[in-house]
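Engineer: As given, the protein sequences belong to chains A and B, one line each in that order. Residue numbering for the first sequence follows my numbering, starting at 119 and increasing by one per position. Residue numbering for the second sequence follows my numbering, starting at 119 and increasing by one per position.
Watch out, some of these pointers could steer you wrong.
You can't tell identical chains apart in this list, so a pair holds if it fits in one copy or across any two.
What the hints assert, rightly or not - Below are the DSS-like pairs computed for lysine-lysine, each with C-alpha atoms no more than 27 Å apart in a straight line:
#1 324 / 172
#2 172 / 142
#3 243 / 212
#4 243 / 311
#5 324 / 126
#6 318 / 212
Calculated directly from the structure, the hints in this document are not laboratory data.
2 protein chains.
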Amino acid sequence: MELSERQKKIIEIVKTNEPISGDKIAEQLGLTKPTLRSDLAVLTMTGILDARPKVGYIYSGLPFDPLLQEHLFDVQVDEVMSNPVIIYPHTTIKDATTSLFMYDCGSLYVIDEESKDLIGLVSRKDLLRSLLNNQDLDLAIAIIMTRMPNLVVTYPDMTILEAGSLLSAHEIDSLPVLSRETNQVVGKLSKTKVVQHFIKLGRELKHEQL
Amino acid sequence: MELSERQKKIIEIVKTNEPISGDKIAEQLGLTKPTLRSDLAVLTMTGILDARPKVGYIYSGLPFDPLLQEHLFDVQVDEVMSNPVIIYPHTTIKDATTSLFMYDCGSLYVIDEESKDLIGLVSRKDLLRSLLNNQDLDLAIAIIMTRMPNLVVTYPDMTILEAGSLLSAHEIDSLPVLSRETNQVVGKLSKTKVVQHFIKLGRELKHEQL
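Bound conformation, chain A alone (with noise of 0.2 Å):
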């Protein structure tokens, strides 16, 4: 369902001062009454909002909050990223590792000192498999690390579903988030934070049904 610009404002007005009458949502809009009439009468056959006779529109309380739905999907990268754990291409194997633990991360970027651009990643695996191999932990993690161009990347502008499809279809733990400007890395999307964003949404919907 696409609710108009005036729909949702209505919402947001009934929503902060329910009950409140028709007149007074008008007035609030700075419209006639008349002209709110078939909003009104979609928002209440909808069940979004409620019409009590002389008490005025009460908000529901729905289901599924066409709201919150937008925000489901097409919120931003950048309001579901975080701080990404940064190393060097000469830090040692075993200090990469302590990092792991000392910040609780699944992976580790590492970038050039000078240009600061992202150059590889480490991972949980990575680390595991070397540390398998009876590989010398003092030995620099550019040896070991996954290098660009071989990592999947996204963007602050890129929505939760585009960069989600990205984790999904790559399955891999997180996503170094990249300005687009300067390929600088500025955050970190990781799997724990896009199951956090949709499990925050969907508990917020399911409290708007109680």
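Please build the complex by placing chain B on the supplied structure of chain A, with the hints as guidance.
Structural biologist: Frame of chain A; chain B shown alone:
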């Protein structure tokens, strides 16, 4: 928006028979057209159906299909879960690590050989820690696993919203799915599967719009 069962049936009929007249819809439902009048009014006013004069009703492609929406958060764990990789308490750390790479998974579930009950879980992080500590790789996994009752678990009939809340709150990679009757492991709900579920439905919902 909460559609009635009859309204959902009307949508399904239009989806598979479009364009279709109101009379034909009524016929398929074994009802009279006047009985359907208010349902058809709601469905056209909300933009779910499009009524074209002399043509009939057409499914107009909602930005958000209420039928899919129901599925979004209410789907049961057993519809989303995958097969877990099972090991035994005497499995060596070395063999467990090999299984992890062999089946490319994030965690292994440890069950009792006789009762088949879940008794523990080993994550990539547990293995990484033990390798870092130079633990003897021939030691039994029972020594390093996280044990019941310190595991967060789910059940086949939980909704993805409930199980996802557990994954989200505990920031863990997967939940063992236990049978309510026997306490035996029947599946694994990974963060990857949860992300894939939301992204898959998100893409279906958005396609409706195109």
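Engineer: All hints, please: hold or fail.
Structural biologist: Hint by hint, here is what the structure shows:
Taking CA atoms no more than 27 Å apart as the test, residue 324 paired with residue 172 passes in neither setting, with 29 Å inside one copy and 41 Å between copies. Within a single copy, residue 172 and residue 142 get their C-alpha atoms as close as 13 Å, which meets the 27 Å cut-off; across copies the closest is 41 Å, which misses it. In this assembly of identical chains, the alpha carbons of residue 243 and residue 212 lie at most 27 Å apart whether taken from the same copy (14 Å) or from different copies (14 Å). With identical chains, the CA atoms of residue 243 and residue 311 are at most 27 Å apart both within one copy (20 Å) and between copies (19 Å).
In this homomeric assembly, residue 324 and residue 126 come within 27 Å of each other (Cα to Cα) both inside a single copy, at 19 Å, and across copies, at 20 Å. For a Cα distance limit of 27 Å, the shortest separation of residue 318 from residue 212 qualifies neither inside one copy, at 36 Å, nor across copies, at 39 Å.
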